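> Based on the sequences and whatever the hints tell you, model everything.
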Amino acid sequence: MTVPRFATTSVRRATPRTLMILLLTALMAVSLVSLLIGAGSVGPGRALALLSGAQDSEARFIVWELRAPRTLIGIAVGMALGVAGALLQAVARNPLAEPGLLGVSAGAAFAVALALVLGASAATLRIPVAQLGALVGCVCVLSVARFRGVGNDPIRLVLAGAAFSGLLASLTSLILLYDQRAADEIRFWVIGSLAGRRLDDLFAVLPSMLIASVVVALIARPLAALALGERVASGLGHHPKLIRWLVVACVALLVGAATAIAGPIAFVGLVVPFVARAFAGPDIRRTLWFCLPIGPLMVLAADIISRVVVAPSELPLGVLTALCGAPVLIAVVRARRLPML
Amino acid sequence: MPAFYGILSGGGENDSVPPLQGYWRFAWQGRHGANSLMFEQRAVVVNLGLFGALLLASVIYLSLGSVKVAPMAVLQALFGNADMMASFVVQELRLPRLAAAVSTGAAFALAGILMQTLARNRLATPGIIGIDNGATAFAVASIVGVGFSIAPPAMALAGATTAAVLTFGLAAGSGTQGYRFIVAGIGVGAVFGAVTQLMLARVAIDTANAAYPWTVGSLNARPSGALQLLMFGLALGLATAMALARSLTLLRFKDATASGLGVNVRRRRLEVLLLSVALTGLAVAVAGPVGMVGLIGPEIARSLSSSRSVPVLAATLAGALVMVLADLAGRTLLAPIEIPVGIVTAVVGGPWLLWILMRPQRSFT
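Heads up: the protein sequence lines correspond to chains A and B, in order.
Be aware that the first sequence starts at 1, since it is given in the working numbering, and climbs by one per residue.
Be aware that the second sequence starts at 342, since it is given in the working numbering, and climbs by one per residue.
FYI, nobody ran anything at the bench for these hints, they're computed from the structure.
One-sided excerpt, in silico: chain A residues whose CB lies under 7 Å from chain B:
no.	residue
1	Ile155
2	Arg156
3	Ala162
4	Ala163
5	Leu174
6	Leu177
7	Tyr178
8	Val310
9	Val319
10	Leu323
11	Ala326
12	Leu329
13	Val333
These stretches of chain B come out as covered by chain A in the derived footprint (C-beta under 8 Å, 3 or more residues):
no.	region
14	521-528
15	539-552
16	672-680
17	692-700
Derived Cβ-Cβ restraints for the label pairs, each shown as a range:
no.	chain 1	residue 1	chain 2	residue 2	range
18	A	Leu242	B	Arg608	55 to 61 Å
19	A	Gly45	B	Ala551	35 to 41 Å
20	A	His239	B	Ser648	45 to 51 Å
21	A	Gly45	B	Leu434	56 to 62 Å
22	A	Leu51	B	Arg543	28 to 34 Å
23	A	Pro327	B	Asn605	33 to 39 Å
24	B	Ala492	A	Val308	31 to 37 Å
25	A	Leu206	B	Val506	46 to 52 Å
26	A	Ala29	B	Ala551	39 to 45 Å
27	B	Ala545	A	Pro282	47 to 53 Å
28	A	Gly40	B	Thr548	22 to 28 Å
29	B	Pro412	A	Gly196	49 to 55 Å
30	B	Ala551	A	Leu48	40 to 46 Å
31	A	Gly43	B	Glu433	51 to 57 Å
Owing to the predicted nature of the structure, the values given are computational and were not obtained by experimental measurement.
Virtual Cβ for every residue (Gly too), placed ideally from N, Cα, C.
See below:
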């Protein structure tokens with residue numbers, strides 16, 4: 001943060017609003033770029049001409065049928081993962097708690113692979129199964145965090161999560177090796193990508209995302225109280241246990257939904273709240289607001305790059321988020337004092 | 342330090358040294374005075390036991406598969422008097438793979454225990470702190486030919502070195518103990534993993550398929566020459582590690598203690614680090630990142646051995662044993678589908694790692 005030490009509160013208060021406007025502008029610009037750029041014959045010029053009213057059926061198909069859904073899905077996935085990361089970090093009181101790193105996404109992916117092997121079809125069952133898997137993963141990791149001593153050390157929790165998600169990932173590939181049909185059905189999903197997703201996928205997850213956002217809106221205030229400590233929160237009339245469970249449910253809904261559309265994507269839930277906290281300061285409510293534009297910004301930018309670098313083929317989205325997230329992880333770990341949440 | 346008590350006090354002619362508990366001591370009169378040699382009984386038993394288990398597992402490994410060869414026939418085929426089919430299957434198909442399994446397992450485990458001792462951190466195995474991934478990324482780069490194509494082993498060595506420099510460089514401020522070092526290593530590993538994916542996405546599907554085994558760890562595609570190089574390096578590395586065993590035992594203590602007992606700490610550290618990185622690079626060039634063996638092998642060896650010294654040989658044997666069993670399981674469990682050995686070791690080693698992490702914190706190594 002560039003705000004000088006002597007800045008008065010009024011300056012501080014003005015900054016987030018300006019920042020928010022800047023972020024929203026950037027998000028709109030990135031969305032536009034996402035519509036304009038891609039592999040194939042429809043370049044930015046033709047796409048721009050189409051947007052300004054030219055008659056071009058090929059460009060119309062590519063821009064409105066392929067790129068627009070992809071952009072919308074990218075926005076939804078970014079919001080879900082960013083908010084889920086901020087929530088999980090608040091409830092685990094650990095700046096490194098990230099759904100991808102802690103194995104929540106891997107739990108969702110494993111559940112989907114398992115369901116496919118047991119005979120479900122990918123189209124019908126994926127979302128609830130992914131959410132259930134995410135819930136189980138989330139509960140597992142957080143109960144590990146409550147395990148003797150582990151919770152006191154944020155970094156140890158991350159290690160346990162990394163081990164857990166590595167285990168789930170190899171179990172998933174074991175299942176895929178075992179069952180060729182399941183492998184064919186989800187091969188392009190399990191690596192994490194926005195390519196080829198349709199608008200129907202988005203509509204299918206929209207209800208659970210709406211439910212999650214209502215719940216988040218309701219518990220934002222108690223959550224901010226919880227940041228002051230369990231006793232303070234109880235004293236203010238909240239129920240810490242209930243809040244925790246609601247947060248876990250929200251994280252599972254959000255991460256399960258995002259994973260169901262886009263596959264497991266790591267590091268978004270780490271980077272986005274990290275940046276959002278830098279903008280918003282310690283208040284979880286403000287952080288959550290800032291996650292809303294920053295998450296889509298990161299996912300869309302990564303998606304655009306993944307289309308461009310290896311055109312005409314595509315890069316898994318997780319590759320780019322890992323390239324930008326791992327340095328953030330190292331930076332947080334290297335910091336002398338971990339910021340306690 | 343019981344080990345030093347015996348050695349320092351030597352053995353006089355009248356052998357006044359009281360017999361040490363748990364050691365076999367051989368004393369004889371040499372030309373320049375009395376000599377004595379001590380073996381820790383438990384270490385001898387453990388090493389012989391592991392070696393026997395490895396031999397047994399090897400025979401089973403050679404006999405099981407899509408064509409079953411009876412264990413007796415395996416022995417006959419090995420020594421040259423069996424029917425054509427059996428000797429072809431055993432000698433031409435399975436023996437090279439067994440050699441690869443034994444030497445990669447041994448190399449990963451040896452590299453693991455060296456790195457753990459060096460960092461005084463039982464989680465600091467090359468696989469966990471990203472050195473495997475670095476070697477993999479560079480080996481894949483040499484296969485998909487990003488501008489420069491050198492033989493995979495050389496590139497794997499370069500990659501292992503790069504990753505080690507990065508991880509240790511990033512940890513320079515905070516030291517290698519504790520979990521921060523490990524998480525920094527995980528970050529380095531994640532970057533290299535992403536780079537590997539990036540390179541695989543850029544090339545034609547055939548080239549990507551040729552490079553795929555490296556990304557999960559498999560004994561299926563062994564580049565020619567890499568295995569010989571690994572066996573040579575392993576023999577050299579094991580001999581060096583055995584020669585360094587006493588310094589390794591002392592390196593577990595504080596730097597001041599170790600140098601007070603006559604160890605040149607900085608030099609030994611550098612030697613051990615180089616050895617571990619080189620072994621990892623060579624092994625990755627053969628089998629890809631099967632880094633969990635580097636965790637499991639030393640864990641088994643430590644649980645069997647006493648804590649008097651660093652069980653270098655036992656860890657090496659245990660690593661080879663684990664690798665042979667894992668590849669055997671991968672070949673036979675879901676036959677005709679073959680599970681890459683990297684996935685088998687990850688499924689077995691993951692819970693083990695979790696268990697280590699969830700135990701209440703104790704001293705490392």
